[in-house]
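Line by line, the protein sequences give chains S and E. Residue numbers for the first sequence follow this note's numbering, so the first one is 2 and each next one is one higher. Residue numbers for the second sequence follow this note's numbering, so the first one is 1429 and each next one is one higher.
The set of hints was computed from the structure by calculation and includes no laboratory data. Any given hint might turn out to be false.
Said to hold, decoys possible - Heads up, simulated DSSO-like pairs for lysine-lysine below, C-alpha to C-alpha not over 30 Å straight-line:
| hint | chain 1 | residue 1 | chain 2 | residue 2 |
| --- | --- | --- | --- | --- |
| 1 | E | K1481 | S | K520 |
| 2 | S | K153 | S | K188 |
| 3 | E | K1599 | S | K101 |
| 4 | S | K143 | S | K153 |
| 5 | S | K518 | E | K1608 |
| 6 | S | K520 | E | K1455 |
| 7 | E | K1552 | S | K518 |
| 8 | E | K1455 | S | K518 |
| 9 | E | K1547 | S | K518 |
| 10 | S | K89 | E | K1514 |
| 11 | E | K1486 | E | K1518 |
| 12 | S | K89 | S | K101 |
| 13 | E | K1439 | S | K517 |
| 14 | E | K1481 | S | K89 |
| 15 | E | K1614 | E | K1517 |
| 16 | S | K518 | E | K1520 |
| 17 | S | K218 | S | K328 |
| 18 | S | K143 | S | K336 |
| 19 | E | K1485 | S | K520 |
| 20 | E | K1514 | E | K1599 |
| 21 | E | K1520 | E | K1599 |
| 22 | E | K1608 | S | K520 |
| 23 | S | K517 | E | K1518 |
| 24 | E | K1455 | E | K1520 |
| 25 | S | K89 | E | K1455 |
| 26 | S | K101 | E | K1439 |
| 27 | S | K101 | E | K1455 |
| 28 | E | K1520 | E | K1547 |
| 29 | S | K520 | E | K1486 |
| 30 | E | K1481 | S | K101 |
| 31 | S | K89 | E | K1552 |
| 32 | S | K143 | S | K223 |
| 33 | S | K101 | E | K1614 |
| 34 | E | K1614 | E | K1547 |
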Amino acid sequence: MDDRVKDDELRLEKQVTRRSFLRMMGGLGLAGITVSLAGCGASTVAGQAGGDGWLPQQYQGRGAWPAQVRGRVPITPDNPSIVRDDEKCILCGQCLEVCKNIQSVFGHYGLPLADEMVCVNCGQCALWCPTAAITERDDTQKVLQALQDPDKHVVVQTAPATRVALGEEFGLAPGTWVMGQQVAALKRLGFDAVFDTNFSADLTIMEEATELIKRIKGDINKPLPQFTSCSPGWVKFCEYFYPDLLPHMSSCKSPQQMLGALVKTYYAKMKNINPENIVSVSIMPCTAKKFEVQRPEMNSSAHYWNKQNMRDMDAVLTTRELARLIKQQGIDLNKLPEQNYDPLLGKSTGGAIIFGATGGVMEAAVRSAYYFITQQQPPANLLTLTPVRGLEGVKEAAVDVPGVGTVKVAVCHGMSNGRQVLEAVRKGNAPWHFVEFMCCPGGCISGGGQPRSAVPPSDEVRMQRINSLYQADARMQWRESHENSEVLALYQNFLEHPMSELAEELLHTSYTDRGKKAKQLTA
Amino acid sequence: MSKGVLVDLTKCVGCGSCMVACKMWNKLQYTRTASDKGGEASLDAENWTVVNKVETKKGNESVWRFVKNQCLHCEEPACASACFSKAIKKTKDGPVVYDANLCVGCRYCMLACPFNIPKYEWDKTFPQVRKCQMCSDRLHAGESPACVGVCPAGALTYGDRHNLLSQAREKINSDSSYIKHIYGEKEAGGTAWLYISDVPFEALGFRTNITTRPLPQYTESILSLTPAVGLGWGALLTGMYVYNRRRNEIARENKSGKDNG
């Protein structure tokens, strides 16, 4: 038995000797080299590098088949409003969809490019991006640094639309009113004063309604209809695509910039603070505001004090950035007690609150314009101007004002809707006296910096936020901007009257023709 | 029919969709060391296509142009002719493809390429040469390359090369703003990727001093003599061998004759 096993082992050892193994391997190697040198094995595509990834379904058709949703928007690395992380981009085409079809920016300018990428900085692409590859440019660290600097007096303002959206970042239903909690959170973050952009929204109405009346009466040589100028995305859109209509634009700065200029002049004076030590921050639903603060002309306080290098506003945080900052600091928004805005630049009326919704600026302006012309309280229907409410693309209303006649107004939101109005104005077919433009669909409540509560943004969420604003307006004791006691005090103590010389210097601005940067499309 | 892509540089808006599509389709990594877009974008083992922003002048006006860069897929590729292991080959569809299984890593292709395209995985233990494959698998299935399919600005057109050439010619002849030159029509004997522009190609970083003669022809003119030289040398040596052998035989015969005699 044992002998047989030994025999087998010997036989096995004989079968694979070292010499025969090496000979076999050598032979195989030679055969392999011959085969590969002859190019065999490369006959199929499978051996080639690349091609083992994927692309979204819309790109899987034949080369000549047109994809409905294609590519992505161009973004320069130095865009002040938005940034993109290529690694997260899946080329779904949603950014392009909103830019091209809702905002009518991409593809609506002639090529080749001049020396910039045409972008109105609205940030809707960031709101639509399902992977958050496009986000706002994060300025939270800049603000944190200022907050930690004991030499700086850091002032913050909050836009009308953030108070009905911030809660969504903390698990609350869309449209939840968190005004008081937001103020409390900002105070806990260490801001020295928390002001309300609604204050300067009221101020905007004072200036804008005065300007409108002057245009209607012919006191100033500017054409009708007057365009609102609160939305920086809309302003840049007009500068690119309708520079010929810029004389229609109200010269009023946006509420953010008005408050910025006042913080470093009026507030600094009243509180006896060196304006150079003030850092002015805003919480906005909007990414275009980040562009707006960088506009070279937004340095009225520097002119006022005759000090160079001062900017009216120093930083803008979107609602999403504020939520991030609050979470980073371990603050639970839901558990905060409500707090009030600080005095001097903190009071507001119902007219200011509805600035956040499409139609709101116009409704507030009409309320005050009626009062300025007639010196009477507007009738009840002007306090609920339903024709300009809701999410219809272009809305119209006619208001009878004693002494003037019928004042016709229009409201549009989303720049493709805006184009309809602009084309009518260009052709001379515009019956309106006053037109409100909001860059983002639904107005600021659905701005590019708002929480991504629905991707792509839904009208349902928009309406929930809008309803919350109108309900707050209805609850307010004061609903007309000219009733704001702090605004009246500001005029009394500082500006004198709407469109005074100082008001013109601090609260009004001029615009830039960017027509050459976005060449007209030729057929 | 050989396929190609026409790049109209006046249409590119620099969105970088093509670059992302290339990464996605070919499963390429995003490297933090080499930029894939912007002013200093450069091709590397993981960046098979990049879009360079060029700030230049057109007349008196400063202008931005975006230049997509990738393998040009020469009609007669020097890289393929230099590749002794046949890892790089020109397919009948047009793409010059690289088979990782066959590459021995000699990097002759990198030296041979007049456009400085093939790149090497310098950081790998077993490195490979890497470059754009013009999505040859997609082309094989009747689709366009991934980059072309995603371009939202219409800067890239895919089709039969000769059709693209006539399209390009029509475009540059009907519009005075274009430079009257189709880059890639004749460079290095012609390439599958063709470019038209309104700014001189030199200003956009293109290499313009490239011969119009296909590069393999230079080596072929010499290497085609190889059989003749080989056979001739063999014949000469055989002749000398036969002559020597015969001489030695005679010498041996003479010697044995003398010994016997």
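Status of each hint after checking the structure:
no., hint, result
1, K1481(E) / K520(S), "holds, 19 Å"
2, K153(S) / K188(S), "holds, 15 Å"
3, K1599(E) / K101(S), "holds, 26 Å"
4, K143(S) / K153(S), "holds, 13 Å"
5, K518(S) / K1608(E), "holds, 26 Å"
6, K520(S) / K1455(E), "violated, 37 Å"
7, K1552(E) / K518(S), "violated, 46 Å"
8, K1455(E) / K518(S), "violated, 37 Å"
9, K1547(E) / K518(S), "violated, 37 Å"
10, K89(S) / K1514(E), "violated, 37 Å"
11, K1486(E) / K1518(E), "violated, 37 Å"
12, K89(S) / K101(S), "holds, 21 Å"
13, K1439(E) / K517(S), "holds, 17 Å"
14, K1481(E) / K89(S), "holds, 22 Å"
15, K1614(E) / K1517(E), "holds, 20 Å"
16, K518(S) / K1520(E), "violated, 44 Å"
17, K218(S) / K328(S), "violated, 52 Å"
18, K143(S) / K336(S), "holds, 27 Å"
19, K1485(E) / K520(S), "holds, 17 Å"
20, K1514(E) / K1599(E), "violated, 38 Å"
21, K1520(E) / K1599(E), "holds, 27 Å"
22, K1608(E) / K520(S), "holds, 23 Å"
23, K517(S) / K1518(E), "violated, 45 Å"
24, K1455(E) / K1520(E), "holds, 25 Å"
25, K89(S) / K1455(E), "holds, 14 Å"
26, K101(S) / K1439(E), "holds, 16 Å"
27, K101(S) / K1455(E), "holds, 29 Å"
28, K1520(E) / K1547(E), "holds, 24 Å"
29, K520(S) / K1486(E), "holds, 15 Å"
30, K1481(E) / K101(S), "holds, 23 Å"
31, K89(S) / K1552(E), "holds, 25 Å"
32, K143(S) / K223(S), "violated, 41 Å"
33, K101(S) / K1614(E), "violated, 38 Å"
34, K1614(E) / K1547(E), "holds, 24 Å"
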